[in-house]
Amino acid sequence: MTPPPRNMLILLGLLLAGVALVAWLSVRQIYDAIAPQAHAPTGETCGGVANSSCSPGYMCEYPNTAVVDSVGVCVSVQ
8 MTPPPRNMLI LLGLLLAGVA LVAWLSVRQI YDAIAPQAHA PTGETCGGVA
58 NSSCSPGYMC EYPNTAVVDS VGVCVSVQ
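Residue numbering for the sequence shown is 8 to 85, as defined by the working numbering.
Hints were generated in silico from the structure; no laboratory data involved. Don't take each hint at face value.
As the list claims (entries may be wrong) - Listed next, with one range per pair, are the computed distances between beta-carbon atoms: (1) VAL78 x GLY25: 44 to 54 Å; (2) GLY25 x MET66: 51 to 61 Å; (3) ALA24 x GLU68: 39 to 49 Å; (4) SER62 x LEU19: 52 to 62 Å; (5) MET66 x ASN14: 58 to 68 Å; (6) MET66 x TRP31: 48 to 58 Å; (7) VAL34 x SER77: 18 to 28 Å; (8) LEU28 x GLY64: 46 to 56 Å; (9) MET15 x GLN85: 43 to 53 Å; (10) GLY50 x LEU16: 24 to 34 Å.
Positions of the beta carbon are idealized from the N, C-alpha and C atoms, including for glycine.
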């Protein structure tokens, strides 16, 4: 059996590089889709009559309301 021609090996290498590139881009796209969840609310409430504050690294986000003493939710500053 004769070894495959050099051109065939080059084409195989390019094909494998293309597959690796597509896989890498897919992983990055999935990561970019998941990343916004890092900014999701903690579920911790803030503001209100007691004017409670959030943990370090979080800020109070209030709903769109006209109520002066409304209660907000702590969200990540990042």
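Output the indices of the hints that this structure fails to meet, ascending.
As far as the earlier hints go, 2, 6, 7, 8, 10 are violated by this structure, in ascending order.
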